[in-house]
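**Q** First to last, the protein sequences are chains A, B, C and D.
Letter by letter, the first sequence follows residues 1 to 411 of our numbering.
Letter by letter, the second sequence follows residues 1 to 411 of our numbering.
Letter by letter, the third sequence follows residues 1 to 411 of our numbering.
Letter by letter, the fourth sequence follows residues 1 to 411 of our numbering.
No lab work stands behind these hints, which were simulated from the structure alone.
These numbers were taken from a predicted model, which means no experiment stands behind them.
Wrong hints could be hidden among the right ones.
[To be verified] Derived pair list, reagent style PhoX-like, types lysine-lysine, alpha-carbon separation capped at 25 angstroms:
no., chain 1, residue 1, chain 2, residue 2
1, B, Lys405, B, Lys333
2, A, Lys180, C, Lys333
3, A, Lys394, B, Lys405
4, B, Lys327, B, Lys405
5, C, Lys394, D, Lys333
What follows is the residue order along each chain.
Number of protein chains: 4
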Amino acid sequence: MIAANPLSEMLSTLLDRRASGRRTAGRRRIRDDCQKLLEERAEISGLQLAADIFGQYEALDPEARIAFFEFLNEQFDIDPTTVEQLAARYRDAPSPENFRALARAAEPARQRLFRRLNEAPGATAEIVRMRQDLLALLPAHPHLGRTDHDLRHLLRSWFNRGFLVLQQVSWDSPATVLEKIIAYEAVHEIRNWDDLRRRLQPEDRRCFAFFHPSMPSEPLIFVEVALTRGVPSSIQALLSDGGDALSQTSANTAVFYSISNCQPGLAGISFGNSLIKQVARDLSRDLPNLKTFVTLSPIPGLNRWLATQGTEAADTDGAQLERLAAKYLMTAKDAHGRPLDPVARFHLGNGAMVQALHRGGDTSPRGMAQSGGVMVNYLYDLNRITQRATQFSKTNDIAASSEVKGLVRRA
Amino acid sequence: MIAANPLSEMLSTLLDRRASGRRTAGRRRIRDDCQKLLEERAEISGLQLAADIFGQYEALDPEARIAFFEFLNEQFDIDPTTVEQLAARYRDAPSPENFRALARAAEPARQRLFRRLNEAPGATAEIVRMRQDLLALLPAHPHLGRTDHDLRHLLRSWFNRGFLVLQQVSWDSPATVLEKIIAYEAVHEIRNWDDLRRRLQPEDRRCFAFFHPSMPSEPLIFVEVALTRGVPSSIQALLSDGGDALSQTSANTAVFYSISNCQPGLAGISFGNSLIKQVARDLSRDLPNLKTFVTLSPIPGLNRWLATQGTEAADTDGAQLERLAAKYLMTAKDAHGRPLDPVARFHLGNGAMVQALHRGGDTSPRGMAQSGGVMVNYLYDLNRITQRATQFSKTNDIAASSEVKGLVRRA
Amino acid sequence: MIAANPLSEMLSTLLDRRASGRRTAGRRRIRDDCQKLLEERAEISGLQLAADIFGQYEALDPEARIAFFEFLNEQFDIDPTTVEQLAARYRDAPSPENFRALARAAEPARQRLFRRLNEAPGATAEIVRMRQDLLALLPAHPHLGRTDHDLRHLLRSWFNRGFLVLQQVSWDSPATVLEKIIAYEAVHEIRNWDDLRRRLQPEDRRCFAFFHPSMPSEPLIFVEVALTRGVPSSIQALLSDGGDALSQTSANTAVFYSISNCQPGLAGISFGNSLIKQVARDLSRDLPNLKTFVTLSPIPGLNRWLATQGTEAADTDGAQLERLAAKYLMTAKDAHGRPLDPVARFHLGNGAMVQALHRGGDTSPRGMAQSGGVMVNYLYDLNRITQRATQFSKTNDIAASSEVKGLVRRA
Amino acid sequence: MIAANPLSEMLSTLLDRRASGRRTAGRRRIRDDCQKLLEERAEISGLQLAADIFGQYEALDPEARIAFFEFLNEQFDIDPTTVEQLAARYRDAPSPENFRALARAAEPARQRLFRRLNEAPGATAEIVRMRQDLLALLPAHPHLGRTDHDLRHLLRSWFNRGFLVLQQVSWDSPATVLEKIIAYEAVHEIRNWDDLRRRLQPEDRRCFAFFHPSMPSEPLIFVEVALTRGVPSSIQALLSDGGDALSQTSANTAVFYSISNCQPGLAGISFGNSLIKQVARDLSRDLPNLKTFVTLSPIPGLNRWLATQGTEAADTDGAQLERLAAKYLMTAKDAHGRPLDPVARFHLGNGAMVQALHRGGDTSPRGMAQSGGVMVNYLYDLNRITQRATQFSKTNDIAASSEVKGLVRRA
């Protein structure tokens, strides 16, 4: 019998064996088991323990989960006094032994615990879910930020760009993956499977995602692309159902019209900039007719900013709204001197430039509420993105077309 | 066009893109580039830098490599004074901010550097090779142990059991993998491709290996298995070419007759115990007729130990040699109270027991030189390995058959 | 970049290259091109011609299609006089040369034409669609049965059981395959993707299909299976949404509750009996707890037959309806002495037996209209299906449980 | 556990189930079983019977195999008298019924037998092997040509170009495939695995093969390609071990230096022309720098022809030998007016032209014995191969460069 997907099959032995932890909750037991897992030297019992711990964790009620994280935060922390002493000793005698002793003392036991937990099949996804829970608790329990720091540190190492696999998501992809695309699309909602098909199947549509080999059915982040002739100015036109698909050879432009993160548990671990640039490179190699790589992006912060300026999009005519939007993108800064608009920050940080503004670009209720319907193209010039990204990271200088600069002047 | 192997294909985009670093060596430049990579915030230039650094590293001569590791060891170390101060601050005020500051200070910059290097395609294998070089330097440059500690710490996290994939290696496997089996077999040499075929293709032979998704053509460790009727007592008989393969349904015993680590750069990061136990489980599920899981193992330390006892294998008759071998395995201990024999340590640590001794088990020059030809079966009783491994890890108690215990008494 | 499905990828070079035939219709041109294709000796121009012919065919209007089939039927037929003469010559001198001459003359040119057409990428699916069109024309144009005979002859050879691949269809299968399962389910309608998921994803549900390597996204026939404890008596209960899935180890029965042919163009080329028996064997090997293999089947002809007996299901009480259903299945015969009910014919021909009748088994409008809601279990006893199939094929004897025989006696 | 090769895995269910026929030979029994298989209506017993028949066939000694083929030839032939009568009836009344009756009578029962045999798993390869045996018998038993006609007819239909899959064979391919490349290379022997690696692994080497989905480890035909700068004139230089591989971007020429059929049982069923043209197309798409597609071919018939002209290569100086070789290729014809040289016939039939002659092109003993060491380049001009192939198939006109024409004039 053949499974349809080699990647998921690859992990099947692992996932099949996933021990369904005995779910007899009990705050006591999960703590004892964690303790035991850290001490356990024999590996095989460790695997079973790890699986049990996940089972127990799932069964914990919200109160007990807080208690569990408190426990990790307090009991599996470092001992600062020991660190202090070992740092002093290392300062005096920087031998490998003293270094090792210090390094061990400076790493909280909970990091070792998470590594041991990860040995169980399917564990990586569980740990990502654990962090999702923890992140939800942080606002009310900010001191748990210590445990979150360790989780983020580990996940950043495990989800290193070098371990991620770029895959096209198409109408030939497994339904297990596709249902997640529907669920996670964050920018322009996918209403149902037919709507999804329209974004994947036509010759002038593409979707790409990063995957981690340990979570083969879980896209981490994906970008949706439309191949067009010329740069589009309206998302409604782009997503409308009418008309034939453009043939690959006719298209000269790739439009990144939506990019969505899928794993709340991986917040703060960024892969988006790799994705969009990698996809642009791959497309440009496979379809040499593509000359322009551009986004069609929302301006989520425009209306909020207008309010601070005493204006409202609803009261402004289209031409003026475009000028104000240009001004907002180019001049409104946050406390660190970076662009106030988060989407602008993302694309400019990637090395893109502000290319053009479009009133009426997104006339959906959400688009109107965010920016009075104005959208923006960020242009990815493959020959200059590295230089622009470096420049932006150093100076926060915003690259823009002369057209956009003109709008700012006239705003 | 279709590649033969989906796993390697999976990484093809990555590997294709492997930038061939400009190999203009220069001790200066690689240092500057490492510095730059750590400071770089724009990701895409980082990828290029990382690839360049690997290229430069490859081009370094031995002297320059030592200098490079010295540089990492000294320049990218922690600052113990800062760690001391931040530990004190955290002791006084254990806030998340203070924790984060301490955690950052306590992690040497070279760990961050290796993580950034790993973002380049194909980098993981390069880093493993780097550590192989470093390990070779350690005896003469023990202070580089600090850098090795960091590398091992990272690699242990990246090669966590949860990320490894167990795969059967068969005569249907890619030649890129098979040539490595030939190269890495450490116990009973594989002389050529025909010899390899005899270990993989017959119905009563198996081979299994762990792989890491980022190094799909590189087995990390593999075990060779023979399916037999009854427990074999001689490796020559097992590997001899004559006779038909046993049918799967006739076999009642799985013999692990060779286990080899493949990556010197992963020394000290153990997967062997997982492998043998996982394979035993999988075989027992797929071939329910298999009742006995056993090794046919060398006793590498026997002759050395006999010498310390004033004896020689060559002067001892077979029956007595078996008794002495039993005594050696059961009673000769190292400074930590563990079995002196490294192979015994490995299998007993896994939860196996000493089952039987066989004079004339390995009459090859190597077998005669190591142990006067005596071999040993370690028995893996699937129902008791967890318990035995736990017991052994706590007490160093050695489980043995009554037959073996009898030999010890009569020795 | 990696496609999700190796099977479809395998054919991608082919399908990509699919020449989009110039669709300038014209009854004349397609005929000339067919003639040319048969005469063409240079292969490469043949591939182009074949692709063109498919393009032209697609563009033909219904009238022109009839004319096209008439053309194949008349112009590419055998010449019976030549066959007669060559048969006589072979009778007198049975040499290989005379045999070859006769064999060539006795095969209509249109068979050669279809083989040449098939050389174009994607052609097999096109030819299957052509036959679907032809079958629709047969009732009004029965003389085209000659061409259909040739098509069926070829397709039977190409879709030989030895070339088919059995594959599990799961929620991990490509959407391109899954949408066809939705479209082709013929027995119990699948309303949407959520409904489909309920038939594929739970631990106690399975679906298997035969595929042909040349049509990797097109299931040929599929069977849906439920794993249950005990034999179910109602399809509504089986398909209802409530409740947890049964674990694999708890199930002791596999229920084939729906089997659907997908390709109208392959009518008369049966794979169903292979499928159900192959799946039963595979399941019994993978899940040794499964002891009973049984269908839950409609009785499509019951009400029609009752009418011929002057009765109506609506006027009959449940117990009596079961008795009449048993009588119908066991005693109502067609002109060849085989069971009148087509579903009974299918399963009994496979070697199954009539196991039990269930009033209220299918209370859907369709179930009520067909059989007053009565359903039937056919039992596949793996140890006896070969013997029963052979017996049935010779004598038309119907195997039944004593319970069912009792119902017949009391009817 | 994951098999390395999805294609072979795809068929694993089939191959695993391959019944090992009871090998109790007996000429009687195999005949009875064949008879029974044809009559059997119940499919499942048929599968077992078919597997048994293959087992019995394997066990037959050479004498008994001849008797078996005689049996097929005589007992499962057509009845010419019946064919005659049914042809007459169809002539008088061309109804579908009469057509069907005639078609059935005109097809020997052995064709139906082979189709039923093919239903067993792994049967296609067995039937190909059967034909290999039969072909070896034909010279001494020419009347068996009737059975061979039927086998070839069936195999031509089953191995239709539309069912074949083009695959790159690389150092990543399974050893099961690679060992066949070593075994089947017919032109320039591959001495061992290292030699094979040199033909597959370097960046400037390629190998492509056609596969049939039912025989996934068996290449049908393969072509070896070298990427070069400029057109090579010597096979020794091409296959020599020295020097670095050319980078893909430096190469401007693809040289087809060896093409080998693998399956003697498929003799007379040609795929070679498709292969070379398909590979040229794919390479030209993937590596746009490639401008020239050319062979470096032997001239197997040159010395034989020189002898008929009263000359010997050994007595001729190099320049004159080139002229004579050109004359031989361009003017020596067989009885049908086609080129006498079989390799010339093959490439010219494909649409290639004679491009250049090279004395000292193959100085191996074989090359010297065949053609005094002269080799030839046939040029595949992708824009003109269709036209040239058509022209050649009509007129036998040989396209040649002006250089080659000049040689002929001066010969």
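**Q** Does each hint fit the structure? Answer for all of them.
**A** Here is what the structure says about each hint:
no.: 1; hint: Lys405(B) / Lys333(B); verdict: 16 angstroms, holds
no.: 2; hint: Lys180(A) / Lys333(C); verdict: 52 angstroms, violated
no.: 3; hint: Lys394(A) / Lys405(B); verdict: 73 angstroms, violated
no.: 4; hint: Lys327(B) / Lys405(B); verdict: 9 angstroms, holds
no.: 5; hint: Lys394(C) / Lys333(D); verdict: 61 angstroms, violated
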